[in-house]
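S.K.: Now for the letters of each chain:
Number of protein chains: 2
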Amino acid sequence: MDDLAHLTTPAFLVDRNIVEQNCARMRRKASESGVAFRPHAKTHKTVEAARLQHGGEVGPITVSTMAEAEFFAGAGFRDITYAVPIAPEKLPRAAALAGRIERLNILVDSFVALHAVETSGSVLDAFLKVDCGYHRAGVDPADPESARLAIAMARSPAIRFHGLLTHAGHSYNARDVEEIRRIAAEETAALTRFRALLAAEGLGDVMRSVGSTPTLSIVDRFADCDEVRPGNYVFFDAFQATIGSCRAEDVAVSVLATVVGSYPERREAILDAGALALSKDTGPSHLDPAFGYGVVCDLDLRPLDARLVALSQEHGKLATAAHLPVGTRVRVVPNHSCLTAAMYDRYHVLAGGRVAGEWRPVRGW
Amino acid sequence: MDDLAHLTTPAFLVDRNIVEQNCARMRRKASESGVAFRPHAKTHKTVEAARLQHGGEVGPITVSTMAEAEFFAGAGFRDITYAVPIAPEKLPRAAALAGRIERLNILVDSFVALHAVETSGSVLDAFLKVDCGYHRAGVDPADPESARLAIAMARSPAIRFHGLLTHAGHSYNARDVEEIRRIAAEETAALTRFRALLAAEGLGDVMRSVGSTPTLSIVDRFADCDEVRPGNYVFFDAFQATIGSCRAEDVAVSVLATVVGSYPERREAILDAGALALSKDTGPSHLDPAFGYGVVCDLDLRPLDARLVALSQEHGKLATAAHLPVGTRVRVVPNHSCLTAAMYDRYHVLAGGRVAGEWRPVRGW
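Protein chains in written order, with the working numbering: chain U, 1 to 365; chain P, 1001 to 1365.
Calculated directly from the structure, the hints in this document are not laboratory data.
Treat the numbers as computed from the prediction; the structure is a model and nothing was measured.
Just so you know, even glycine gets a beta-carbon here, dropped at the ideal spot from N, CA and C.
A couple of the hints might just be wrong.
To be verified - Covered stretches of chain P, going by a simulated chain U footprint (3 or more residues, C-beta under 8 Å):
| id | segment |
| --- | --- |
| 1 | 1015-1027 |
| 2 | 1232-1241 |
| 3 | 1316-1327 |
Claimed, not checked - Here are the in silico distance ranges between beta carbons for each label pair:
| id | chain 1 | residue 1 | chain 2 | residue 2 | range |
| --- | --- | --- | --- | --- | --- |
| 4 | U | E358 | P | A1356 | 32 to 42 Å |
| 5 | U | A67 | P | G1074 | 40 to 50 Å |
| 6 | P | H1323 | U | N173 | 26 to 36 Å |
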């Protein structure tokens, strides 16, 4: 690829054909499974990829910051879930945005947050965030207090209550596809049990919204849920390929870098891609403590005999027996595409082996 | 601080008084030691802080990207060292910038790079990058090939040769001040020996440029070097305070965050500051594997009984026995201020306990 010899490095490369394939596959599964599709836009943060998630159109999406919500609203997306429990101070901003689009769903997982909504003077669409084993945010579905909170939300005049939302982020700690499958089954089972409990209390029409790229990628069909919110699948990354969410050839992104130091006497080389070009995510280190900070490949994405053993701000240190003279260009498949993409103001989009355009992500909060 | 109750979170806070103190102390030491002062701007990447490094004026600086070099040149800085070995493809850009300012120093550490300069058609100011034990970039000062390269650079019509440049980055792995002191002594001794070797070969007037915040912070006076290039000292961080480069009260920066989930039953809470607000730098984990992703404090920067045990994209997970209800605001002292600062498009600058302004850093490459 001649273009890759001339771009300034480090550069974030996105293969549009692979993005389109990844998007089409997930969208088709949601459609065939008869569940609502509300993909997450936090991985790519671009209008172009969000539209590809919906086959070239706008559609319901999920976001991770209010800045993303406002950015996508400005680009015509009218139905948005802000999938982090809302800080009380962000309620006026959420209410202002909700007034400009069809629907902004917020997450609540405490009586404190519910009270904050009720005293904000607004009426907001909301889901109850449920913890299905990840133990990050969310209420325990087995705790009677959680049912009390769901019922309080459903009865609150300040809330239009839509259902239960969970994220099986612990699927990222899985060691193989079987473990991902078990986590996925537990996730939907916990939500379904909780929904039954609420139904017994008289609360019907409660949606179950689930989402994590590993759990949604390994199945052919989505079952026991009403909405799916995958995000990372648009790009995938070295982590997802290693735990079995995708094949190596499904990863759509890489960081183009240049060898700026070559030290064969100590079997090392230095790239001009460091922590600010790659992020310091350690990837699937639970499976391989020596995995390094990304998979170092040649320009055709064939892995090289080189491990990215250390990152400082603008240097990536390779342990390598390969001949990599100064000026050599490599592509690093990132460990965690969400974090790596966020380091760039622009992505270089490849199509047919050429740089065919640029995408500009939103940034900040 | 009333302002801190209202800023949108996460937000990057810079205490201007502490920055001024940190800058004045390092500048005074350089002046009293009679060495040239070329501070690094990569930590803050702002015009405001770069001027404070020089007592409110422009002066010689060091940068880590060509984007920084161009940004600071545009702000009136006329004497800049680009302190990463240059990729051959960046030579035309470097030459263009060099033509617009008084001096742009580049780094060379291979005959390949020297040859690239010689065939570029430009004449550039350059240092030889020397490895004094960090084993990242640089030539081995004990290798006869390194002296050959220095002499070739000095004789090259394409290079104005200024001297030897090193960075004792391995001081970051030190366990205490005594170890930092030993590394600093080895660094200057290795450069001085190498300079003597070059003098014996007839190469005189060779500058020794050194720089790392730990080695330059713990001494009262700089010796056995001709130029110093500290950078992190402007902000410092939890890492530097832990290894002994500074006191906790010398750290000028923190991330303002809000508790968005509170789970006392599992002794956990969630902040709205995750990997994109803090970076995934693990800090002084060589001294304390359970250090976490930053030091969690109240609004007056008193440490709380809370450890930041995990970061996902927009969530920070606290293990805590403290009462931290939803809506509580905290300040997180970052592990590595260079990487954390780079996540923000703007810094909120505090003076006298109020938000007194904004600084906008340069970004990208």
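S.K.: Now tell me, hint by hint, if it's right for this structure.
M.R.: Evaluated hints:
1. Coverage of the segment 1015-1027 of chain P by chain U is violated [criterion: at least 3 residues with CB-CB distance below 8 Å; count 0].
2. By the rule of at least three residues with a Cβ nearer than 8 Å to a Cβ of chain U, the coverage given for the segment 1232-1241 of chain P is violated, with 0 such residues.
3. By the rule of at least three residues with a Cβ nearer than 8 Å to a Cβ of chain U, the coverage given for the segment 1316-1327 of chain P holds, with 4 such residues.
4. For the pair E358/U and A1356/P, the beta carbons lie near 36 Å from each other, so the given range of 32 to 42 Å is met.
5. Our hint of 40 to 50 Å for A67/U and G1074/P is violated, since their Cβ atoms are close to 27 Å apart.
6. Hint check: H1323/P to N173/U, Cβ distance near 29 Å, so the stated range 26 to 36 Å holds.
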